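Chemist: Given next are the chains, with one letter for each unit.
2 protein chains.
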Amino acid sequence: MQKEKNIAIIGSGLVGSLLAIYLKKRGHSVTVFDRRQDVRTVEFSGRSINLAMSNRGWSSLRKVGIEEEIRKLALPLDKRALHVNNTPLYFQKYGKEGEAIYSISRGILNRKMIDLAEEAGVVFKFEEKVWDIKLPEAKIYTGESEKGVWQEYQFDIVFGADGAFSRVRHKMQRQSRFNYSQNFIDVGYKELTIPANEDGSHKLDPTSFHIWPRGEFMLIAMPNLNGSFTCTLFLPFEGEVSFESIKSEEQAEQFFSTYFPDIMQDISNLMRDFFKNPTSAMVTMKCFPWTYWDKVALVGDSAHAIVPFYGQGMNAGFEDILVLDNLIEEYEDDWERIFKEYQSSRKPNADAIAELSYRNFIEMSSKTANPAFILRKKIEKHFAEKHPDIWVPLYSRVTFSDKPYAEALAIGDRQRAIMDEVMKLQNVDKIWDSLEVENYILEALNKTAKV
Amino acid sequence: MQKEKNIAIIGSGLVGSLLAIYLKKRGHSVTVFDRRQDVRTVEFSGRSINLAMSNRGWSSLRKVGIEEEIRKLALPLDKRALHVNNTPLYFQKYGKEGEAIYSISRGILNRKMIDLAEEAGVVFKFEEKVWDIKLPEAKIYTGESEKGVWQEYQFDIVFGADGAFSRVRHKMQRQSRFNYSQNFIDVGYKELTIPANEDGSHKLDPTSFHIWPRGEFMLIAMPNLNGSFTCTLFLPFEGEVSFESIKSEEQAEQFFSTYFPDIMQDISNLMRDFFKNPTSAMVTMKCFPWTYWDKVALVGDSAHAIVPFYGQGMNAGFEDILVLDNLIEEYEDDWERIFKEYQSSRKPNADAIAELSYRNFIEMSSKTANPAFILRKKIEKHFAEKHPDIWVPLYSRVTFSDKPYAEALAIGDRQRAIMDEVMKLQNVDKIWDSLEVENYILEALNKTAKV
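Protein sequence lines correspond, in order, to chains A and B. With full-length UniProt numbering, letter number 172 in the first sequence gets 172, and the count goes up by one each step, no holes. With full-length UniProt numbering, letter number 148 in the second sequence gets 148, and the count goes up by one each step, no holes.
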């Protein structure tokens, strides 16, 4: 058992709430600060992409005993449904039988996590803004405004769980030798909704992750428990077809009818959301170090914000907490060691999922509808099914396993090199499921294994 | 002639002062703010690497009519002097006859630039700290402390010339879609001094840039007008031979006598400096955009800080000002256009010199003493002398020309690929000046030109 510490967590989002539950259950005194209102008392903002909980997320919830509670809020999706104009709906299974990602609303999940943390005895201080932090002393300063009167709090340990634009990291960033980068992509996103049928049922298959890939842009839709779908439109900020180019209702209607004719029945809803909801930006943020002595540590987006195209942002953040807790078990009261091991083991994995997420941004929008890409996936799947012990597809390794992201990236790169060669084989579209192709891959695997 | 504007420049360093002179001569009202004391009234800090003024720097001083004044403060260096243990001193010419870089003390230069700006009519406000800036309004806020009472100033245009840790950029950085990165290298530096002989003469050749390459670390020395040399020791922060590993006087003496026996006569001086002067970090900082409407622009290190290994930091910053002034001539009162063109033309060049400087960090410390590297340079030089119209060495293009850095990087990469192949030729160390090698390079150039 660890010695009880007085711990502050800045940020009551998903990762902050989960960390609070873990620490409380280990016997610490835990206070969570958030500059915003209690999410349980506000209407949702219309700027959230639905979450896709997968293996790492569930593992992290399971260890602290709240997996079953959360499962009740989620819908399993075992496949992609591809909406390509003038082509029948096409399905791609995500993994093996029984493997699925789980659609869950960010707002609903966050409210539940805070409820669970409060039940465990965590204290929440909402609408209390942290303006400064003394890193070596674990002191934080809160107040109405940056220039107003501040209140000082003394803690033993402070965690920054305050997201991509973290105030805690902001303070760490002003140290010498702190590495940092933030890179925005030129594509923005907007939340739209497809309402339920009148009888409360879903208008599209509720066991699929729906994608309308359109080259430079795409629409996705994930089901909610109430029969609606939360859609996200990913579209360049500027350019020929872009958020900038859609200013009037006419332009919006033209846009939806041209590119998304199969959901035109909900056009009035889509149009209202389009002009009501904000357009948001997406950023990849990396930094190092993540910790300061045994006093301060960053978790989740404040340490590693990624673009959402692998559905791993929350899962990676939850896994941070699982890793931290495993280290707490190992090193008990040696917080300096816990923090050192946490950042050195976690950083390469955070970098890897950042890279994979960025690559998926390219892949999802421009390649999912491409026949060569579909063939490639088919060959890979066929081979993986025959040789599950030597070929785990990259997506499965990221989504349905607990293997380190960095390992997934490295193995994925090797697989990609092999598939690049396979796709050059003569008549590969005809012989894709032949013994010849299978042996080719086996031989290639054999060769690279020796390198 | 432009309409007179009321312009603030934040930062009275080299680039800020030069910009002030340019803008004043164009008829604007110019106020320079600096949070620090007037550099003319303080002792130097012992944390400065001597500067190497080269072609771009001189061009920028020439256009505003202050080149000759500054030349008086500088010493020409036309070659490297390589100090390798157990090997005679070896010299490498930098360029063609008459080409040289110029050693100049940062402190002396900065004092002179401020004098010249004041003579031109620029107003300086030292020890006035800028804490905030309203970007769309070009308003700045100064005061004793961040939380104290602030004074508001309204300007037409504000320039951030406040260095790698710019407060102006810091404000821009909090906008959405602002890209930013800071990456520290694991090597630090410390200023040391080799004093003049008693008769005021230099102890080492004063027309050379002296290097003691030692693999993981190195020492450099550049002459001053007063007979002394400003040395810079570049050494890893941590590791076997590192700043961290040299704690006692004994360890320092051991270090200098092992690695730098030829300057042991000055050991007492070196040791005193070693323990008196701070150890500084080096960072590559990139960001974008550099401007906000027609209101705010970043120049010099605040827009693009680089590691010092190509001696181009100041030169690149001065060139920013030259480019800005050329655009002012072209677009007159259209400041929005001026700023747009400035950032879009300058950004790729800033990225290129950042990359080249980082590569030189690797090259200078680990390769300059390497026989294969010396042979390679010899072959390149030989070929360049015979074919000066088709082969300008990378170093010369960066240092002795006004050609864009991005072009230098691209052409340098092509040359490198060719030289990689040349170095694989059989017996190249024997036939390096043969017609065979010459023709090989000519043919390779011919081929890549067609790509």
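Derived by calculation from the structure, the hints in this document are not laboratory data. It should be emphasised that the depicted structure is a prediction, and the values quoted were computed from it without experimental measurement. All C-beta atoms, glycine included, are put in the ideal place defined by N, C-alpha and C. Heads up, some of the hints might be wrong.
Chain B is faced by these chain A residues, among others (derived, beta-carbon under 10 Å) [claimed, not checked]: (1) SER176; (2) PHE178; (3) ASN179; (4) PHE184; (5) GLY188; (6) ASN277; (7) LEU442; (8) ALA444.
Straight-line distance between alpha carbons at most 25 Å, and here's what the computed DSS-like set of lysine-lysine pairs gives [claimed, not checked]: (9) B:LYS147 <-> A:LYS286; (10) A:LYS129 <-> B:LYS347; (11) A:LYS147 <-> B:LYS134; (12) A:LYS171 <-> B:LYS112; (13) A:LYS134 <-> B:LYS147; (14) B:LYS403 <-> A:LYS171.
Far from chain A by the CB rule (all over 10 Å, computed), these chain B residues [to be verified]: (15) ILE70; (16) GLU97; (17) LYS139; (18) LYS147; (19) PHE165; (20) ASP199; (21) SER201; (22) GLY239; (23) GLU240; (24) GLN265; (25) ALA281; (26) SER344; (27) ASP351.
Chemist: With reference to the structure, classify each hint as holding or not holding.
Modeler: Now the hints, each set against the structure:
no.	hint	in the structure
1	SER176	5 Å, holds
2	PHE178	7 Å, holds
3	ASN179	5 Å, holds
4	PHE184	5 Å, holds
5	GLY188	9 Å, holds
6	ASN277	16 Å, violated
7	LEU442	35 Å, violated
8	ALA444	28 Å, violated
9	B:LYS147 <-> A:LYS286	30 Å, violated
10	A:LYS129 <-> B:LYS347	37 Å, violated
11	A:LYS147 <-> B:LYS134	16 Å, holds
12	A:LYS171 <-> B:LYS112	36 Å, violated
13	A:LYS134 <-> B:LYS147	16 Å, holds
14	B:LYS403 <-> A:LYS171	40 Å, violated
15	ILE70	31 Å, holds
16	GLU97	43 Å, holds
17	LYS139	16 Å, holds
18	LYS147	6 Å, violated
19	PHE165	8 Å, violated
20	ASP199	41 Å, holds
21	SER201	38 Å, holds
22	GLY239	15 Å, holds
23	GLU240	19 Å, holds
24	GLN265	34 Å, holds
25	ALA281	5 Å, violated
26	SER344	14 Å, holds
27	ASP351	13 Å, holds
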